[in-house]
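Asks: What follows is each chain in one-letter form.
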Amino acid sequence: MPRWVALLIVFGGAGILAAAISLAAGLPRPAPPESSAASDQNLAIVVNVSNPTENLSMGELRKIFLGERSHWPNGRRITLVMIEPGHPERAAVLNSIYQMNEKDFSYHFLHGLFTGEVFVSPKTLATPVGVRKFIFNVPGAIGYLRPSDVDSSVKVIRIDEHFPNEKAYPLHLLPPLAK
Amino acid sequence: MNRQSKIPTAGAAGHRPGSVAGSGGFSRYSSALLLFLVFCVVIVVGIVVIHDVRSTVVEAQEMYAGSVLGLHRIGDLQYAAQETRRSTFYALSTNDSNLQVKYADQSREADHLVIAGVSEYLREAKTPGELEVGKRLHHDWSAYLSVRDEVLASILEGSTKEAVDLDLKDGVRLFDRVREDLEDIDRLYDDQASQRLAHVAASSRRTMIRVVGVLGITMVFAIVSVWAIQRSKMQSAIQLARLQTEFVASVSHELRTPLTVISSAADNIADGLVEGKEEIKNYGSAIRYQSLQMIDLVNEILLFAATKDAKNPYNLRPLRVSDLVDSVLDRTSELVKRAGFTVEVQIDPDLPCIVGDMSAVSQCLQNLLVNAVKYSGRSRWIGVRAFLSDSEVHKGKRVCIAVQDRGIGIHSSELSRVFEPFYRSAAVTAEQIHGTGLGLSLSRSLAQAMGGDLSVASEPEVGSVFVLHLQIAEEHKLPIADVASGPDATVKK
Numbered sequence: 001m002p003r004w005v006a007l008l009i010v011f012g013g014a015g016i017l018a019a020a021i022s023l024a025a026g027l028p029r030p031a032p033p034e035s036s037a038a039s040d041q042n043l044a045i046v047v048n049v050s051n052p053t054e055n056l057s058m059g060e061l062r063k064i065f066l067g068e069r070s071h072w073p074n075g076r077r078i079t080l081v082m083i084e085p086g087h088p089e090r091a092a093v094l095n096s097i098y099q100m101n102e103k104d105f106s107y108h109f110l111h112g113l114f115t116g117e118v119f120v121s122p123k124t125l126a127t128p129v130g131v132r133k134f135i136f137n138v139p140g141a142i143g144y145l146r147p148s149d150v151d152s153s154v155k156v157i158r159i160d161e162h163f164p165n166e167k168a169y170p171l172h173l174l175p176p177l178a179k
Numbered sequence: 001m002n003r004q005s006k007i008p009t010a011g012a013a014g015h016r017p018g019s020v021a022g023s024g025g026f027s028r029y030s031s032a033l034l035l036f037l038v039f040c041v042v043i044v045v046g047i048v049v050i051h052d053v054r055s056t057v058v059e060a061q062e063m064y065a066g067s068v069l070g071l072h073r074i075g076d077l078q079y080a081a082q083e084t085r086r087s088t089f090y091a092l093s094t095n096d097s098n099l100q101v102k103y104a105d106q107s108r109e110a111d112h113l114v115i116a117g118v119s120e121y122l123r124e125a126k127t128p129g130e131l132e133v134g135k136r137l138h139h140d141w142s143a144y145l146s147v148r149d150e151v152l153a154s155i156l157e158g159s160t161k162e163a164v165d166l167d168l169k170d171g172v173r174l175f176d177r178v179r180e181d182l183e184d185i186d187r188l189y190d191d192q193a194s195q196r197l198a199h200v201a202a203s204s205r206r207t208m209i210r211v212v213g214v215l216g217i218t219m220v221f222a223i224v225s226v227w228a229i230q231r232s233k234m235q236s237a238i239q240l241a242r243l244q245t246e247f248v249a250s251v252s253h254e255l256r257t258p259l260t261v262i263s264s265a266a267d268n269i270a271d272g273l274v275e276g277k278e279e280i281k282n283y284g285s286a287i288r289y290q291s292l293q294m295i296d297l298v299n300e301i302l303l304f305a306a307t308k309d310a311k312n313p314y315n316l317r318p319l320r321v322s323d324l325v326d327s328v329l330d331r332t333s334e335l336v337k338r339a340g341f342t343v344e345v346q347i348d349p350d351l352p353c354i355v356g357d358m359s360a361v362s363q364c365l366q367n368l369l370v371n372a373v374k375y376s377g378r379s380r381w382i383g384v385r386a387f388l389s390d391s392e393v394h395k396g397k398r399v400c401i402a403v404q405d406r407g408i409g410i411h412s413s414e415l416s417r418v419f420e421p422f423y424r425s426a427a428v429t430a431e432q433i434h435g436t437g438l439g440l441s442l443s444r445s446l447a448q449a450m451g452g453d454l455s456v457a458s459e460p461e462v463g464s465v466f467v468l469h470l471q472i473a474e475e476h477k478l479p480i481a482d483v484a485s486g487p488d489a490t491v492k493k
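Protein sequence lines, in the order shown, are assigned to chains S and P.
Mapping of the first sequence onto my numbering: residues 1 to 179, in sequence order.
Mapping of the second sequence onto my numbering: residues 1 to 493, in sequence order.
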């Protein structure tokens with residue numbers, strides 16, 4: 001085989017390989033396997049769009065939901081929004097944040113309001129849409145929604161610096177699977 | 001008769017068919033023209049009136065639509081503003097957070113309607129006043145909405161007292177300003193509607209005045225037209241009656257003269273006053289001549305009546321012009337000779353045959369020659385010329401036979417009437433030149449019936465040229481008639 005033919009085959013093969021690699025790089029990559037499924041099973045904490053808060057630690061979030069904090073840093077009064085019993089979102093919040101059952105939850109707020117240890121009485125809405133609209137209308141409101149129920153009328157805040165679509169997000173709609 | 005002499009004006013007359021005058025229809029044409037003018041005026045008036053009425057109606061419709069739309073818009077704005085406030089109060093009336101959210105939604109939907117309405121108003125605002133009040137409303141409504149949002153938030157938070165305090169402090173005041181702005185807009189609409197109404201009323205009055213004016217003018221014009229038409233008809237009737245009277249008088253006179261001569265001759269013979277063979281012969285000649293005069297006159301009248309009958313057939317044949325002219329000159333030779341006239345004849349060589357009825361063409365030429373004798377005054381000269389003419393009026397070549405005299409001529413004002421039946425000019429009547437007024441009318445009718453025409457050019461005290469225009473015969477189509485042998489005879493060319 002002549003030398004120039006061998007060189008042609010080598011360079012031609014290299015060119016074809018490079019083109020294939022570049023084409024493969026240009027194609028859309030598939031989403032990470034845990035991304036959409038995981039975010040759908042998480043619970044987003046939402047506030048009014050005028051609220052400057054971007055992130056809360058799990059401890060701060062618990063304090064707010066327990067009614068132990070009355071105002072946001074900007075001076076707005078905190079209004080806690082809960083969804084009616086029976087919804088998995090409420091069950092997840094009771095489990096993850098309050099670590100209480102329904103009975104303990106009711107007792108906590110009745111007792112706390114009576115003794116003055118709790119400053120905020122939660123508002124109860126029938127549907128996720130109601131929750132979203134309430135938060136839209138009240139600047140100091142905070143509540144929770146599935147990520148699929150969230151739209152631009154409310155703002156999702158980070159918990160422990162994580163958004164709901166991230167793997168390390170601490171609030172899950174369903175209890176985490178056993179390791 | 002000198003066939004070589006020239007007749008300079010005859011050719012010129014032949015090329016002036018424009019001088020051919022219309023016959024006796026002036027009244028009819030003027031009536032038609034007047035009616036046409038009235039029709040045009042009525043059409044124009046109708047268009048003006050329709051246009052005016054239409055523009056007024058359109059203006060009124062625009063005014064109505066503008067007013068209704070304006071009132072509708074302002075009504076919508078007022079309702080939406082009230083609904084915004086009303087829904088906020090509904091939220092105040094319940095502790096159920098779900099209901100409060102629903103009322104908050106209603107309030108926001110209503111305020112969106114107000115914002116959209118204000119934006120539309122600003123977009124369509126034309127006057128500075130509209131722009132100013134629109135901008136003020138926009139500003140006041142935004143201020144009210146910020147208070148409304150706080151009130152709604154307080155209600156949803158459960159702070160009823162705070163919500164009421166906020167509304168009483170700022171909400172009521174700001175909403176009153178919004179209401180005042182809306183009333184200002186309403187007032188502006190009312191003012192504009194009043195202005196438009198006044199404009200439409202003025203336009204309507206203007207239209208009415210115009211309609212009445214143009215109708216009045218049309219009516220006056222129509223009355224004048226009808227009067228003119230009636231007057232024209234009446235004058236025509238009077239003229240016809242006068243012409244008929246003159247005709248009867250003229251014919252009676254023409255008949256009475258030969259009858260008197262015949263009667264006197266007969267009386268003399270009967271009374272034995274005429275003696276000798278030679279004298280009786282002279283009397284007989286006189287009676288025969290006068291009888292022939294009467295026969296000619298009666299024939300002319302009958303021929304005139306016959307030309308008015310459209311069914312009268314003509315025997316159209318090719319005729320040689322020279323034969324025709326010679327024949328007519330032969331027939332009138334005695335008259336011409338007795339009157340002492342000289343006839344100059346010039347016939348162009350190689351002249352094509354004409355097509356016509358021999359007796360009708362002869363009658364035409366004879367009438368023209370007899371007229372030339374009658375109206376020559378002191379002149380004793382007649383010219384006859386035949387030539388080929390390329391006429392624009394007749395669209396093609398024609399053979400023209402011109403008969404010219406140097407007589408009394410015809411005034412230009414009478415040129416158009418000489419072909420009217422029974423017409424005789426005042427000058428001719430005054431000079432007691434006898435005639436029926438039928439000769440020229442008859443000649444023109446005959447010429448036109450054969451596809452030809454008869455025209456005239458004349459100048460008073462200079463003379464007249466009558467030109468007979470005749471169609472050229474198509475060769476080899478029909479045998480040429482022998483003029484000398486009579487109407488039905490033919491000879492080979």
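FYI, nobody ran anything at the bench for these hints, they're computed from the structure.
Heads up, the beta-carbon is just placed ideally off N, CA and C, and yes, glycines get one too.
Hints are supplied without guarantee of correctness; some may be wrong.
With the C-beta cut set under 8 Å, the calculated list includes, among others, these residues of chain S facing chain P [stated by the list, open to error]:
id: 1; residue: N101
id: 2; residue: K123
id: 3; residue: A126
Asks: State for each hint whether it applies.
Replies: Hint by hint, here is what the structure shows:
no., hint, in the structure
1, N101, "violated, 23 Å"
2, K123, "holds, 5 Å"
3, A126, "holds, 5 Å"
In this structure, only the earlier hint numbered 1 is contradicted, and the remaining ones agree with it.
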